[in-house]
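> Modelling step: build the complete structure from the supplied sequences, incorporating the hints.
For reference, the chains in residue letters:
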Amino acid sequence: MAEPLLELRHVRKAYGALVVTDDVSLSVEPGELHAIIGPNGAGKTTLIHQISGTLPPDSGQVLFGGEDITRLPMPRRVRRGLARSFQITSILPGFSALENVALAVQARSGSSFRFLGNAAQEKALNGPAMECLDLVGLSPRAYVPAGLLSHGEKRQLELAIGLATEPKLLLLDEPLAGTGHDESQRVVETLRRLKSRLTIVLIEHDMDAVFSLADRVSVLVYGRVIATDTPERVRTNPEVRAAYLGEEELV
Amino acid sequence: MNATLLFVQALNGLQFGLILFLIAAGLTLVFGVMDFINLAHGVQYMVGAYLVAAFSAWTGSFGWALLLALPTALAFGLLLELLIFRHLYDRDHLDQVLATFGIILFLNQGVRFVWGAAPLSVPVPEIFSGSVEIATGLLYPVYRLAIIAAGLAVAGLLYVLVSHTRVGMLVRAGASNAAMVSALGVNIQRLFMVVFGFGAMLAGFAGAMVAPILSVEPGMGDNILILAFVVIVIGGIGSIRGAFLAALLIGLVDTVGRSFAPNLLRLILDPAAASQTGRAIAPMLIYIFMAAVLFFRPSGLFPVKR
Amino acid sequence: MTELAETPSAPAPSLTTRLELIPIVLFAAFAAAPLLATSSGAEGYVLSLLTRVMIFGIAAMALDLILGYGALVSFGHAAFLGLGGYAVGILASHGIEDALIQIPVALAGSAVFALATGAISLRTKGVYFIMITLAFGQMLYFLATSLAPYGGDDGMTLSSRSLVAGSGILENDFAFYWVCLFCLLGTYAFSRALVASRFGRVLRGTRENTTRMEAVGFQPFRFQLVAYVISGMMAGLAGCLLANQAEFVSPAFMTWQRSGELIFMVVLGGLGSLHGAIIGAAAFLLLEEFLPEILHAAGFFLSEETRSHLAENWKMVFGPLLILVVLFVRGGIMGLLRRPHHG
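Residue numbers (UniProt numbering), protein chains in the order written: chain P, 1 to 251; chain Y, 1 to 306; chain G, 1 to 343.
Take the hints with a grain of salt, since some may be wrong.
[As the list claims (entries may be wrong)] Far from chain G, by Cβ distances over 12 Å, these chain Y residues were calculated: (1) Pro71; (2) Leu74; (3) Gln96; (4) Leu98; (5) Ser121; (6) Val132; (7) Val154; (8) Glu217; (9) Gly236; (10) Leu264; (11) Asp270.
[Unchecked claim] In silico DMTMM-like links for lysine to aspartate or glutamate, alpha-carbon gap of 25 Å or less: (12) P/Lys168 - P/Glu239; (13) G/Lys315 - Y/Asp222; (14) P/Lys168 - P/Asp182; (15) G/Lys125 - Y/Asp90; (16) P/Lys195 - P/Asp23; (17) P/Lys195 - P/Asp208; (18) G/Lys125 - G/Asp154; (19) P/Lys123 - G/Asp173; (20) G/Lys125 - Y/Glu217; (21) G/Lys125 - Y/Glu126.
Just so you know, these hints were derived from the structure itself, not from any lab. Just so we're clear, the structure is a prediction, and the values are computed from it rather than from any experiment. Beta carbons: idealized from backbone N, C-alpha and C, even for Gly.
Below, the structure is given as structure tokens:
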């Protein structure tokens, strides 16, 4: 097996007596779509914060491409190719959709300490940004202020921004949260298209989506990983079934 | 430079620190509980001093004047809350800064309009007049000792209120998580009013206490407001304990620094240069101190968890 | 004012062209004013008032750069006015009277002060930032009051305006007016370019959502610090001009009330449009100049004594005005100009 792209080693995080991430070890192989599921309060978001760098773990290590990034702040991780989207939509509402993405392109192309020249007209930024919008099917809305987009469109925009940082690995925190049926279909289709291009870690509640997209699934319960396996095997795992009993129907 | 002088300066610093604490306490609570930055807190102090000046001229007694000034200062604070502050709670800090800055402009000119620009003086109350010998050959004004005693008493009272009463508990909870307190079904609006009025009264009390030893004049609250900001920033916004400690530190650093900086510099510079540089550096000491604290602890000495 | 200014970031032609008219009209008015001043009969008075307007316009615009575009509420910006002013005053008192030396020194001094205080202030957020910038401004104020060799509390009078390459051309009020206009235009053009540049876009991005900017790989602190330094230097330049205009420097240049007034100017004009700040400065200074007379005239039904008492205390009107602007006039003067278009 190749070296894992992302590896967590015995990561632990506690708030007082409450252990939210309990000795989590996990490895994500290059090219796979690795889903992390778990009932509410399992600590999924806390985990993604520790992977992306918004929250430091109490102990343990996070390795990315074989290098220890445990203490690296988020911007530096992004520059190494570890991008994330947010569970609660986090965009720049006053900027057009295109500019939202162009800023992400700008972040990785040359210095941003340029005080002259109109950034909004730079083809070298707008071109790749438009491509990313195209990938998520949002190019017709490129010039609309992001704040005026529909909820589903904002989720698409988040994806496009993530893509524009040219990540090796994209962390998606509930990209389907709050979307309607049609909208979520569209996001799932987009993800399916992206799957072949890069490694994705997906945290999601929507089981249909997870089981149709994921190559492997890790199940997080009370801060512990109780199983990591292919979707089929996870589905039949008795421990997983027990954890989910009364919580959600595993189809 | 000698020990006696140092002791006197330390007492002065303590007295100044306690006055600062009375002002900073209200400021830090108002900010902690309501996320509201109130520049007009300094004018409450000025209003307290003017009220005592006016009432003592009218009644001829400092005691009565203080008794009348406190509820008036409280009422005044509540009036401001009702008329203006209430409309600013859900605005951003920039709006709060500007509107409360407007109140300062208005009131600084307002007291000039009513009482004139000349400073008023308030006589030291009879029973606290004169000096006592606190060490051999060392006289210290009784009234300043009275301020220290009153300051310590109020600090103690505040400690009991905040740590041992229901309202105090709500205030502490509110300072760390206002949303939770309101989720518990507490009438946040009323809690705000209580905290606000109380803060205004404390500042008014501080102003009233210093009225006999300082000149009562327009704008007297401005500089002390900024010092109070320095205090709560060093102490950690929302923390009473931090405000107390920081206020005493600032009081001491400022008072002692002003009288000893030139002397200390004399060790390395010639006398003329030392006294000149010392005078220039002394007023900057507390800001340098603040910068140093913040450099190592950007949210102050006792950051309140949010 | 949670929605700080709307900056048209995508092509929105109709709005942009309409708004471009305002700065053109504004600068045309400044350019035409000296001609009108000559015919007004009170030439000196009009020129000096408008020169002050332009100087404060530069300072307010400098503040708008970080306040309107970076959401950094600096409450100590008057310190830079003082730095600029004292650089001119102190150098002049040592016989260095040429602006070609004074201004670079003033700019360097402002940059160093901004870098040092900014590096500490920007580590903190929100209300801490406001209070710390206020405190640093106050620190410099007290330093100035204790500078006995340079006038201490009373400040110092300049024997003349700065020389330019050895020539005393600035002694001419018209020449000085044009120099100020040139500086205003120059800083305006520079700020405009800055705001639209890559750098400016990152700054605007951090204003809207710092976390998002971090999540695409920017470190907001660096950008905010550089913006703070640039803004400080612009305000320092305004300080140099102000000292020359008044031919006097004093700690009063950098009181914290002055810092508050600068914020007021920016908000009054409308945040985040640059020329809004100039308009705000103009409105503020003209109001300050004419309010006593307006009050006197408005109180025609009162007795002469009350009227003059009222006019004397014109500042009392300023406070409530400020509160009303904050509570009811969102977006300032630029907001009012923009509104009819939106329908």
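> If a hint holds in the structure, say so; if it does not, say that too.
Now for the hints, and whether the structure bears them out:
1. Every CB of chain G lies more than 12 Å from the CB of Y/Pro71, the least distance being 25 Å, so the non-interface label holds.
2. The non-interface label for Y/Leu74 is consistent with chain G: the shortest C-beta to C-beta separation is roughly 22 Å, beyond 12 Å.
3. For Y/Gln96, the shortest C-beta to C-beta distance to chain G comes to about 9 Å, within the 12 Å cut-off, and the non-interface label is violated.
4. Annotated as non-interface, Y/Leu98 brings its C-beta within 12 Å of a C-beta of chain G; the closest such distance is 5 Å.
5. In this structure Y/Ser121 is separated from chain G by more than 12 Å, as the shortest Cβ-Cβ distance comes to about 22 Å.
6. Listed as a non-interface residue, Y/Val132 keeps its Cβ farther than 12 Å from every Cβ of chain G; the least gap is roughly 33 Å.
7. No beta-carbon of chain G is positioned within 12 Å of the beta-carbon of Y/Val154; the least distance is around 24 Å.
8. The beta carbon of Y/Glu217 sits about 15 Å from the closest Cβ of chain G, which is more than 12 Å, so the claim that it is off the interface holds.
9. Non-interface status of Y/Gly236 relative to chain G is broken: a Cβ of that chain comes within 12 Å, the nearest being about 10 Å off.
10. At the 12 Å boundary, the C-beta of Y/Leu264 stays outside the reach of chain G, the nearest C-beta of that chain being 16 Å off.
11. At roughly 15 Å, the least C-beta separation between Y/Asp270 and chain G is larger than 12 Å, which holds for a residue marked as non-interface.
12. Only pairs whose Cα atoms come within 25 Å are accepted, and P/Lys168 paired with P/Glu239 is rejected, the gap being roughly 32 Å.
13. Of the supplied pair hints, the one linking G/Lys315 and Y/Asp222 holds, its CA atoms being roughly 16 Å apart against a limit of 25 Å.
14. Among the hinted pairs, P/Lys168 with P/Asp182 is inconsistent with the structure: their alpha-carbon atoms are about 29 Å apart, more than 25 Å.
15. For the hint pairing G/Lys125 with Y/Asp90, the CA-to-CA distance comes to about 18 Å; that is within 25 Å, so the pair holds.
16. A distance of roughly 29 Å separates the Cα atoms of P/Lys195 and P/Asp23; the hinted pair therefore is violated under the 25 Å criterion.
17. Between P/Lys195 and P/Asp208 the CA atoms are separated by roughly 16 Å; this keeps the pair inside 25 Å, and the hint holds.
18. Using a Cα cut-off of 25 Å, the hinted pair G/Lys125 and G/Asp154 is violated, with the two alpha carbons roughly 36 Å apart.
19. For the proposed pair P/Lys123 and G/Asp173, the alpha carbon gap of about 47 Å is over 25 Å, so the pair is violated.
20. For the given pair, G/Lys125 sits about 34 Å from Y/Glu217 by alpha-carbon distance, which is inconsistent with the 25 Å threshold.
21. Taken as a hint, the G/Lys125 and Y/Glu126 pair is broken in the structure, with Cα atoms around 49 Å apart against an allowance of 25 Å.
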